[in-house]
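K.L.:
Sequence:
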Amino acid sequence: MSSPTSRRNSCRGSRASFRGSSCSHVSSGAPTEDFTVSLSQPMFTITLRFLLAIDLWLSKRLGVCACEESPWGSIRPLVRLLEFSGHVIPWLIGTLYTLLRGETAAEQEIMLNLALALLLDLLLVRVVKTLVRRRRPAQNRSDILSTFFVERYSFPSGHATRAAMCARFFLAQLVDTASMRVLVVGWAFLVSLSRLLLARHYVTDVGFGLAMGYCQYSLVERLWVTWDCLQDVLLMQLRETLNRACGGLWMAAWKH
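Using our numbering, the first residue of the sequence shown is number 1, and each one after it goes up by one.
You may find that some hints are simply not true.
Unchecked claim - Listed below are the simulated SDA-like cross-link pairs for lysine to any residue, each with C-alpha atoms no more than 20 angstroms apart in a straight line:
{"#": "1", "residue 1": "K129", "residue 2": "I89"}
{"#": "2", "residue 1": "K129", "residue 2": "L119"}
{"#": "3", "residue 1": "K60", "residue 2": "P71"}
{"#": "4", "residue 1": "K60", "residue 2": "L193"}
{"#": "5", "residue 1": "K60", "residue 2": "G73"}
{"#": "6", "residue 1": "K60", "residue 2": "R135"}
{"#": "7", "residue 1": "K129", "residue 2": "G207"}
{"#": "8", "residue 1": "K60", "residue 2": "R76"}
{"#": "9", "residue 1": "K60", "residue 2": "T226"}
{"#": "10", "residue 1": "K60", "residue 2": "Y153"}
To be verified - Pairwise CB distance ranges (calculated):
{"#": "11", "residue 1": "L58", "residue 2": "E221", "range": "32 to 42 angstroms"}
{"#": "12", "residue 1": "R181", "residue 2": "L48", "range": "31 to 41 angstroms"}
{"#": "13", "residue 1": "P71", "residue 2": "L171", "range": "31 to 41 angstroms"}
{"#": "14", "residue 1": "Y97", "residue 2": "R181", "range": "20 to 30 angstroms"}
{"#": "15", "residue 1": "P71", "residue 2": "T104", "range": "46 to 56 angstroms"}
{"#": "16", "residue 1": "G73", "residue 2": "L48", "range": "27 to 37 angstroms"}
{"#": "17", "residue 1": "L174", "residue 2": "F44", "range": "18 to 28 angstroms"}
Calculated directly from the structure, the hints in this document are not laboratory data.
All residues carry an ideal CB built from backbone N, CA and C; glycine is no exception.
Required output: the full structure, derived from the provided sequences and hints.
P.N.:
In structure tokens, the structure reads:
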């Protein structure tokens, strides 16, 4: 028959194991990263493994909304709403709607370039993710919405690249008051932070994504499409199509 002291210790152990198993069903079968360091390895390799270990540790500490049982699980719906505000689908729908309903050529030109910037962001992020192929954090929880809209790979964070690029785009093209500038920058920061709180990404994924999105706007500025240039391209394409059609009709009539 066990003593009261042993029973209390077993109860404490069971409670501790329950707390430690919070969200453990999410990470079952997820790949783990090996950061074993040997002194015979080059200094660059040792430094890289040390930084990756810090990245993994800090990412785990920040994932406080990974599931309902997490320390901040009660605000998970609010954090997911922030996450959705940076998703590409509502941004594309809103941009295309504004482009079609634009009242002036200047407004339509800005929305056209924003749509092209969003497509460019999708392309570049997909290329980098395919090349790096970094798995998402083990504590990332796949819910119904994220099952369809969250990509398989983690590096870089597409939400972070999009938030940084769109924030810089708005600051340069649409926002001219200090209060709105603070609001735009704050939104970009919160969207990026939501990816860490939900354990969707590692810290390096979000940091690189912010830097990548900031640089992407410089590329958008260099490739800026003016409304007059677009009209010239469309007219040239229409003229070539009509010439090919007329040439085909002429050849058909000549054969007959």
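K.L.:
State for each hint whether it applies.
P.N.:
Evaluation of the provided hints:
Proximity of K129 to I89 is assessed by CA-CA distance (about 19 angstroms); at most 20 angstroms being required, the pair is judged to hold. About 15 angstroms separates the Cα atoms of K129 and L119, which keeps this hinted pair within 20 angstroms; it holds. Taken as a hint, the K60 and P71 pair is honoured in the structure, with Cα atoms around 12 angstroms apart against an allowance of 20 angstroms. A distance of roughly 13 angstroms separates the Cα atoms of K60 and L193; the hinted pair therefore holds under the 20 angstroms criterion.
Taking the CA atoms of K60 and G73, the gap is near 14 angstroms; set against the 20 angstroms cutoff, the hint holds. Proposed proximity of K60 and R135 is supported: the alpha carbons are some 14 angstroms apart, at most 20 angstroms. A C-alpha spacing of about 15 angstroms is found between K129 and G207, which places the hinted pair at or below 20 angstroms, so the restraint holds. Annotation: proposed proximity of K60 to R76 holds, straight-line Cα distance about 16 angstroms (limit 20 angstroms).
With a C-alpha separation of about 45 angstroms, the suggested pair K60 and T226 falls outside the 20 angstroms cut-off, and the hint is violated. A hinted pair counts as satisfied when its Cα atoms are at most 20 angstroms apart, and K60 with Y153 qualifies at roughly 17 angstroms. Between L58 and E221 the CB atoms are about 33 angstroms apart, so this pair conforms to the stated range of 32 to 42 angstroms. Between R181 and L48 the C-beta distance comes to about 37 angstroms, which sits within the given range of 31 to 41 angstroms.
Distance hint for P71 and L171: a CB-CB separation of about 34 angstroms, consistent with the stated range 31 to 41 angstroms. At roughly 24 angstroms, the beta-carbon separation of Y97 and R181 lies within the given 20 to 30 angstroms, and the hint holds. Separated by about 50 angstroms at the C-beta atoms, P71 and T104 satisfy the suggested range of 46 to 56 angstroms. Between G73 and L48 the beta carbons are some 33 angstroms apart, a value that agrees with the proposed interval 27 to 37 angstroms.
Look at L174 against F44: about 44 angstroms separates their beta carbons, and that is not inside 18 to 28 angstroms.
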